[in-house]
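**Student:** Since the structure of chain U is already known, use the hints to place chain X on it.
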Amino acid sequence: GQSLEQPSEVTAVEGAIVQINCTYQTSGFYGLSWYQQHDGGAPTFLSYNGLDGLEETGRFSSFLSRSDSYGYLLLQELQMKDSASYFCAAFFVFGPGTRLSVLP
Amino acid sequence: DAGVIQSPRHEVTEMGQEVTLRCKPISGHNSLFWYRQTMMRGLELLIYFNNNVPIDDSGMPEDRFSAKMPNASFSTLKIQPSEPRDSAVYFCASSLERGLGSQETQYFGPGTRLLVL
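If you're matching them up, the sequences are chains U and X in order. According to the numbering used here, the first sequence is numbered sequentially starting from 3. According to the numbering used here, the second sequence is numbered sequentially starting from 1098.
Because the hints were derived from the structure by calculation, they are not lab data. All C-beta atoms, glycine included, are put in the ideal place defined by N, C-alpha and C. One or more hints might be untrue.
[Stated by the list, open to error] Covered stretches of chain X (chain U as the covering partner; in silico rule of three or more C-beta atoms under 8 Å from a C-beta of chain U):
{"no.": "1", "region": "1169 to 1176"}
{"no.": "2", "region": "1205 to 1214"}
[Stated by the list, open to error] Listed next, with one range per pair, are the computed distances between beta-carbon atoms:
{"no.": "3", "chain 1": "U", "residue 1": "Ser5", "chain 2": "X", "residue 2": "Phe1171", "range": "43 to 51 Å"}
{"no.": "4", "chain 1": "U", "residue 1": "Gln81", "chain 2": "X", "residue 2": "Thr1202", "range": "44 to 52 Å"}
{"no.": "5", "chain 1": "X", "residue 1": "Arg1182", "chain 2": "U", "residue 2": "Glu11", "range": "34 to 42 Å"}
{"no.": "6", "chain 1": "U", "residue 1": "Thr28", "chain 2": "X", "residue 2": "Ser1163", "range": "24 to 32 Å"}
{"no.": "7", "chain 1": "U", "residue 1": "Gly43", "chain 2": "X", "residue 2": "Gln1114", "range": "22 to 30 Å"}
{"no.": "8", "chain 1": "U", "residue 1": "Val15", "chain 2": "X", "residue 2": "Ser1170", "range": "25 to 33 Å"}
{"no.": "9", "chain 1": "U", "residue 1": "Leu105", "chain 2": "X", "residue 2": "Glu1115", "range": "20 to 28 Å"}
{"no.": "10", "chain 1": "X", "residue 1": "Glu1115", "chain 2": "U", "residue 2": "Leu56", "range": "45 to 53 Å"}
{"no.": "11", "chain 1": "U", "residue 1": "Ile19", "chain 2": "X", "residue 2": "Ala1099", "range": "34 to 42 Å"}
{"no.": "12", "chain 1": "U", "residue 1": "Gly42", "chain 2": "X", "residue 2": "Lys1165", "range": "38 to 46 Å"}
{"no.": "13", "chain 1": "X", "residue 1": "Met1112", "chain 2": "U", "residue 2": "Ile19", "range": "42 to 50 Å"}
{"no.": "14", "chain 1": "X", "residue 1": "Ser1184", "chain 2": "U", "residue 2": "Glu11", "range": "22 to 30 Å"}
{"no.": "15", "chain 1": "U", "residue 1": "Leu56", "chain 2": "X", "residue 2": "Leu1193", "range": "42 to 50 Å"}
{"no.": "16", "chain 1": "U", "residue 1": "Gln81", "chain 2": "X", "residue 2": "Glu1115", "range": "38 to 46 Å"}
Excised from the complex, chain U in its bound form:
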């Protein structure tokens, strides 16, 4: 089986940097994905780590350490529109989500 853990909530101010952590217990692990979901919307893909290390996509970066069964999503230069829920996922198993609130 697979399970992923994330903090339930994170709060930060505009312009700041925030890190959302994800730990996992899985069998047959291939990699870690990150999705964003705004209230009332559908999840949308942000990033994927198939190998250890850092992947950077604009203001968003994601990191994976297989030896630690750990990954994180880093959001830089936070904007109000980044207020949303963020999910880590191992294939079709999703974490519980972290609700990010960006304050002015």
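**Tutor:** Only chain X this time, still in chain U's reference frame:
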């Protein structure tokens, strides 16, 4: 590309009625996923098809739920009979897998918001 299309977008029904949710994946995608999202249980996989074949249906709650994928461009999720605890948002997602379980990007449809009274 129109993206993943789901219908209906909203459904309100009474307990005991049959509910059918529909999904059209992105053209050319070979994998299709049905998820259910609730506050209590989060986003959970119901069933996963690859090349129209069900690969993992361990998330299907019970015999009241059934899913079909008769061809590469259409899938249905049926609940019969429906119960109030089935109230949730049901998402369909598709992806282009280059190898089984290769974990490519999943593209989600807008979801169907189901309320069973």
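**Student:** CB of Gly42(U) to CB of Lys1165(X), is that within 38 to 46 Å?
**Tutor:** violated (28 Å)
**Student:** Test coverage of the region 1205 to 1214 of chain X by chain U using CB-CB distances below 8 Å; three residues minimum.
**Tutor:** That given contact holds, which follows from 4 residues of the region 1205 to 1214 of chain X lying within Cβ reach (below 8 Å) of chain U.
**Student:** Tell me if the beta carbons of Ile19(U) and Ala1099(X) are separated by a distance inside 34 to 42 Å.
**Tutor:** holds (36 Å)
**Student:** When you take the CB atoms of Thr28(U) and Ser1163(X), is the distance between them in 24 to 32 Å?
**Tutor:** At 28 Å between Cβs, range holds.
**Student:** Note whether the CB distance of Val15(U) and Ser1170(X) lies within 25 to 33 Å or breaks it.
**Tutor:** violated (46 Å)
**Student:** Residue count check for the region 1169 to 1176 of chain X against chain U: does it reach three with CB-CB under 8 Å?
**Tutor:** violated (count 0)
**Student:** Take the C-beta atom of Ser5(U) and the C-beta atom of Phe1171(X), compute their distance, and say whether it sits inside 43 to 51 Å.
**Tutor:** At roughly 32 Å between Cβ atoms, Phe1171(X) and Ser5(U) fall outside 43 to 51 Å, so the hint is violated.
**Student:** Could you tell me whether the CB distance from Arg1182(X) to Glu11(U) stays inside 34 to 42 Å?
**Tutor:** violated (26 Å)
**Student:** The hint says 42 to 50 Å between Met1112(X) and Ile19(U); measuring C-beta to C-beta, is that right?
**Tutor:** holds (48 Å)
**Student:** Return holds or violated for the Cβ distance of Leu105(U) and Glu1115(X) against the range 20 to 28 Å.
**Tutor:** violated (46 Å)
**Student:** Given the hint of 38 to 46 Å, is the C-beta distance from Gln81(U) to Glu1115(X) inside that range or not?
**Tutor:** With Cβ atoms ~44 Å apart, the hint holds.
**Student:** 22 to 30 Å was suggested as the range; check whether the CB atoms of Gly43(U) and Gln1114(X) agree with it.
**Tutor:** holds (27 Å)
Violated hints, in rising order: 1, 3, 4, 5, 8, 9, 12, 15; the structure is consistent with all others.
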